[in-house]
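Q: The chain contents come next:
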Amino acid sequence: MTGGPQTRLLDERIDSYATHQISGFPVRPGRPLPFGAARVQGGVNFSVYSTHATGVTLVLFQRGEGQPMAELPFPPSFRIGGVYAMTVFGLDPEAIEYAYRIDGPFDPAAGHRFDPHKVLLDPYARLMYGRESWGTASRYPDSAPYRAGIAYDDFDWEGDRPLCLPSRDLIIYEAHVRGFTRHPSSGVRHPGTYAGLVEKIPYLRDLGINCIELMPVFEFDELDNPRRDSVHGQHLYNYWGYNTLAFFAPKAGYAATGLHGMQVDEFKNMVKQLHRAGIEVVLDVVFNHSAEGDERGPTLSFRGLDNCTYYMLTPDGRYYNFSGTGNTLNCNHPVVRGFILDCLRYWAAEFHIDGFRFDLAAILGRSPDGTVLPNPPVIEQLAHDPVLRDCKLIAEAWDAVGLYQVGHFPDYRRWSEWNGRYREGVRRFLKSDMGITGELAMRMSGSADLYRTRGPAASVNFITSHDGFTLRDLVSYNEKHNDANGEGNLDGDYSNYSWNCGVEGPADDPVVRALRDRQVRNAFLILLTSWGIPMLVAGDEVGRSQLGNNNAYCHDGELSWLDWNLVRENSDLFRFVRCAIAFRLAHPALRQIKHHDAEDLPERWFPAVSWHGTMAWEPDWASHNRLVAAMFYAFDGTSHDCVYVAANSYWEELDVELPRLPADAAWRQFADTSAMPPLDVHEPGREPMLTGQSHASVAPRSALALVAGHVRSSNTFHPEERELWPSMPRCG
Amino acid sequence: MAFNATLRVSEETATVRLVGELDVSSAPRFNDLIAEAAGYKLSRLVMLADELTYMSSAGLRCLVFAHQKMPPGVEIMFLGAQPDVAETIKLTGFDRSIVLQEASER
Numbered sequence: 001m002t003g004g005p006q007t008r009l010l011d012e013r014i015d016s017y018a019t020h021q022i023s024g025f026p027v028r029p030g031r032p033l034p035f036g037a038a039r040v041q042g043g044v045n046f047s048v049y050s051t052h053a054t055g056v057t058l059v060l061f062q063r064g065e066g067q068p069m070a071e072l073p074f075p076p077s078f079r080i081g082g083v084y085a086m087t088v089f090g091l092d093p094e095a096i097e098y099a100y101r102i103d104g105p106f107d108p109a110a111g112h113r114f115d116p117h118k119v120l121l122d123p124y125a126r127l128m129y130g131r132e133s134w135g136t137a138s139r140y141p142d143s144a145p146y147r148a149g150i151a152y153d154d155f156d157w158e159g160d161r162p163l164c165l166p167s168r169d170l171i172i173y174e175a176h177v178r179g180f181t182r183h184p185s186s187g188v189r190h191p192g193t194y195a196g197l198v199e200k201i202p203y204l205r206d207l208g209i210n211c212i213e214l215m216p217v218f219e220f221d222e223l224d225n226p227r228r229d230s231v232h233g234q235h236l237y238n239y240w241g242y243n244t245l246a247f248f249a250p251k252a253g254y255a256a257t258g259l260h261g262m263q264v265d266e267f268k269n270m271v272k273q274l275h276r277a278g279i280e281v282v283l284d285v286v287f288n289h290s291a292e293g294d295e296r297g298p299t300l301s302f303r304g305l306d307n308c309t310y311y312m313l314t315p316d317g318r319y320y321n322f323s324g325t326g327n328t329l330n331c332n333h334p335v336v337r338g339f340i341l342d343c344l345r346y347w348a349a350e351f352h353i354d355g356f357r358f359d360l361a362a363i364l365g366r367s368p369d370g371t372v373l374p375n376p377p378v379i380e381q382l383a384h385d386p387v388l389r390d391c392k393l394i395a396e397a398w399d400a401v402g403l404y405q406v407g408h409f410p411d412y413r414r415w416s417e418w419n420g421r422y423r424e425g426v427r428r429f430l431k432s433d434m435g436i437t438g439e440l441a442m443r444m445s446g447s448a449d450l451y452r453t454r455g456p457a458a459s460v461n462f463i464t465s466h467d468g469f470t471l472r473d474l475v476s477y478n479e480k481h482n483d484a485n486g487e488g489n490l491d492g493d494y495s496n497y498s499w500n501c502g503v504e505g506p507a508d509d510p511v512v513r514a515l516r517d518r519q520v521r522n523a524f525l526i527l528l529t530s531w532g533i534p535m536l537v538a539g540d541e542v543g544r545s546q547l548g549n550n551n552a553y554c555h556d557g558e559l560s561w562l563d564w565n566l567v568r569e570n571s572d573l574f575r576f577v578r579c580a581i582a583f584r585l586a587h588p589a590l591r592q593i594k595h596h597d598a599e600d601l602p603e604r605w606f607p608a609v610s611w612h613g614t615m616a617w618e619p620d621w622a623s624h625n626r627l628v629a630a631m632f633y634a635f636d637g638t639s640h641d642c643v644y645v646a647a648n649s650y651w652e653e654l655d656v657e658l659p660r661l662p663a664d665a666a667w668r669q670f671a672d673t674s675a676m677p678p679l680d681v682h683e684p685g686r687e688p689m690l691t692g693q694s695h696a697s698v699a700p701r702s703a704l705a706l707v708a709g710h711v712r713s714s715n716t717f718h719p720e721e722r723e724l725w726p727s728m729p730r731c732g
Numbered sequence: 001m002a003f004n005a006t007l008r009v010s011e012e013t014a015t016v017r018l019v020g021e022l023d024v025s026s027a028p029r030f031n032d033l034i035a036e037a038a039g040y041k042l043s044r045l046v047m048l049a050d051e052l053t054y055m056s057s058a059g060l061r062c063l064v065f066a067h068q069k070m071p072p073g074v075e076i077m078f079l080g081a082q083p084d085v086a087e088t089i090k091l092t093g094f095d096r097s098i099v100l101q102e103a104s105e106r
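Keeping their order, the protein sequence lines are chains Y and R.
Residue numbers are given in this note's numbering: position 659 of the first sequence equals residue 659, and the series is strictly consecutive.
Residue numbers are given in this note's numbering: position 5 of the second sequence equals residue 5, and the series is strictly consecutive.
Any given hint might turn out to be false.
Cβ-to-Cβ under 10 angstroms is the rule here; a few derived chain R residues that face chain Y [to be verified]:
id, residue
1, F3
2, L7
3, E11
4, V24
5, T53
6, S57
7, V64
8, G93
9, S97
10, V99
Honestly, the hints are just simulated from the structure, not real lab data.
Computed from a predicted structure; not experimentally measured.
Don't be surprised by glycine CBs; every beta carbon is placed ideally from N, CA and C.
Hey, can you work out the whole structure from these sequences and the hints?
A: Below you can see the structure in the form of structure tokens.
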């Protein structure tokens with residue numbers, strides 16, 4: 001069919017006219033789906049759900065104005081079921097803000113907390129106004145502090161698609177959008193923004209990571225922290241952002257264009273540019289609680305819309321607090337399930353997001369009364385949702401009241417988990433705890449005790465995350481130092497399994513400093529040679545410190561921002577991490593799909609993983625032993641890949657016998673954390689051959705990584721050797 | 001500030017002069033001119049933006065609209081953009097549809 005009048009006819013609806021006038025605006029009954037505000041021909045369709053409300057009013061504001069320009073009550077005929085829908089004609093979507101006023105019973109014991117005096121934020125808001133500029137107090141009155149806006153959903157993606165990198169190949173880099181480039185040393189044109197992050201993509205490519213996990217980017221209020229820094233007296237922030245206000249809206253305060261309401265476009269451009277660089281985008285999402293707190297908290301959205309639907313309530317109508325923040329979202333209520341699903345579908349489809357990390361995900365497994373469900377509907381739905389099929393789903397498999405599901409989170413063959421046991425096991429090994437070698441071996445080989453049926457990629461391995469010590473602080477502090485958080489150092493985790501190498505905090509002693517440097521390299525080498533998905537925290541690759549603060553959620557400043565001077569000052573460490581990442585990606589033996597051996601081909605040299613001690617093939621699991629030596633091996637039918645890693649947390653040097661290789665192969669040294677840079681690490685593919693092939697020494701508190709290469713008399717790299725290390729596969 | 005746009009076609013070059021604020025209310029006027037220009041045999045579409053003071057989200061989309069309306073091979077130039085306008089275009093990634101030249105570059 002050609003264009004012209006026929007096409008034009010089809011473009012025009014027969015219901016694009018007003019049937020009513022309300023408060024001076026031409027309106028008609030709207031369409032109940034989709035929820036939220038959507039552009040339709042000639043106007044905007046508003047749809048909001050509340051099953052217990054007795055009356056709903058649409059509140060319209062001129063952009064930036066404190067008081068409403070109009071309030072439009074929904075007539076009874078505009079309600080279908082529990083959904084109030086209205087199309088308002090003649091609105092300029094760029095010039096208005098909107099909210100709702102909901103009437104209904106105030107009966108806390110029955111779970112109802114309606115308050116028609118409050119102006120409420122639409123849970124489906126695609127844009128939020130009220131915090132467009134980071135750290136700037138709202139110009140709006142307390143009666144209506146946050147409003148929704150209407151976003152464009154079209155974008156010039158230029159063919160961009162989610163990358164669909166295989167999970168086993170991921171190397172996740174956890175970052176805070178603002179903290180990543182806000183420091184003056186970042187040198188970007190728009191510090192602390194999505195656009196600033198785009199300017200640092202070359203750095204990420206150089207480092208070699210292929211997935212960035214962004215700490216919360218859904219709209220939150222960084223100024224809702226009432227505490228002050230007891231040391232310096234400064235106002236504290238809610239810097240991390242685990243206090244969501246608008247789940248569908250990218251944070252405007254992270255956008256250079258936020259003041260113009262263009263954060264959606266800027267965010268999408270960031271995703272497009274990251275994808276173009278081969279980097280996936282995973283979002284840290286917070287569905288376990290909202291920013292409304294408990295009974296004492298503000299009524300901003302859910303509480304006033306339908307409190308007993310959105311929150312888990314005790315029999316007497318108080319808030320369950322499984323999140324530690326005052327309230328708990330009622331994730332397995334059918335309406336809330338739909339909300340979560342709608343939200344993630346929106347981010348996957350509209351923003352091309354590659355995956356999600358769920359904060360305190362164990363809460364997603366609780367029923368409305370808080371009991372733990374064996375088959376939680378929302379977790380199952382997310383696992384099998386058609387739109388989310390290719391998205392990575394990563395659970396922080398615990399909550400704030402002790403439900404710890406690492407290894408038994410309901411996974412439906414889809415979910416991965418932050419492996420808390422990996423973190424603890426590696427930390428304890430690094431500090432030379434006794435009786436930990438077996439634990440470390442289990443963690444390095446993909447935690448088969450936890451994920452045998454799911455494969456190593458179910459385990460997101462990490463030693464540090466945003467929550468806790470940085471890696472530099474892990475080797476510099478025995479105790480947390482959170483005085484600046486305004487809680488008398490009572491906040492933050494007490495179980496850090498850290499060791500300060502002899503001096504608490506900064507040290508001038510070159511011996512202490514060298515030991516710390518080595519311990520950091522030990523950590524990275526173990527992390528990046530373990531089976532499972534490694535995750536590192538932005539800044540750890542250049543030695544970022546938070547001065548011993550292990551709960552820096554409230555600091556928007558030097559303590560939290562990445563100081564880019566460190567890239568120059570600690571270039572040796574950066575090089576070590578860069579090489580270790582490249583090494584991992586070069587070696588399929590380190591990125592196995594299954595825990596058990598692949599097909600038993602006669603040409604195989606070794607099992608997929610084998611354990612060794614000071615004698616080859618003779619691991620020592622005795623409690624006093626502090627050496628773990630692993631050999632990882634893969635064979636795809638043509639190429640052999642073999643990596644040997646020995647980690648020694650003993651304070652004496654150990655001599656290890658190396659597994660004997662076939663006659664045409666020889667051990668080459670990739671890394672020795674005891675060696676001074678640049679000899680601590682070698683570019684993958686250019687590793688020098690070991691002079692002695694039968695034994696190697698592993699220095700005190702250090703780690704060694706070897707790779708099997710062809711026999712050569714010199715240590716010069718020969719390009720044909722690359723055949724041993726196939727390049728990383730990628731899916732369509 | 002009110003928006004005004006004019007189209008002039010000379011040989012194989014269409015020139016659209018933009019004045020004022022390009023937003024949701026003025027975007028249709030701009031798009032109509034682009035559609036009109038697309039009816040000519042062109043090698044170049046030039047948008048003169050030195051008097052364009054503001055560009056909203058709707059305005060940004062006009063650039064993509066122009067890119068889509070013009071036949072392949074037609075060079076699309078956005079000339080003399082004021083710094084704020086040019087920056088907005090770049091930050092949101094809409095500069096990939098056009099050749100963008102800022103006022104200071106002239």
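Q: Decide, hint by hint, whether the structure agrees.
A: For each hint, the structure was consulted:
no.	hint	verdict
1	F3	violated (13 angstroms)
2	L7	violated (22 angstroms)
3	E11	violated (28 angstroms)
4	V24	holds (5 angstroms)
5	T53	violated (13 angstroms)
6	S57	holds (5 angstroms)
7	V64	holds (5 angstroms)
8	G93	holds (3 angstroms)
9	S97	holds (6 angstroms)
10	V99	violated (15 angstroms)
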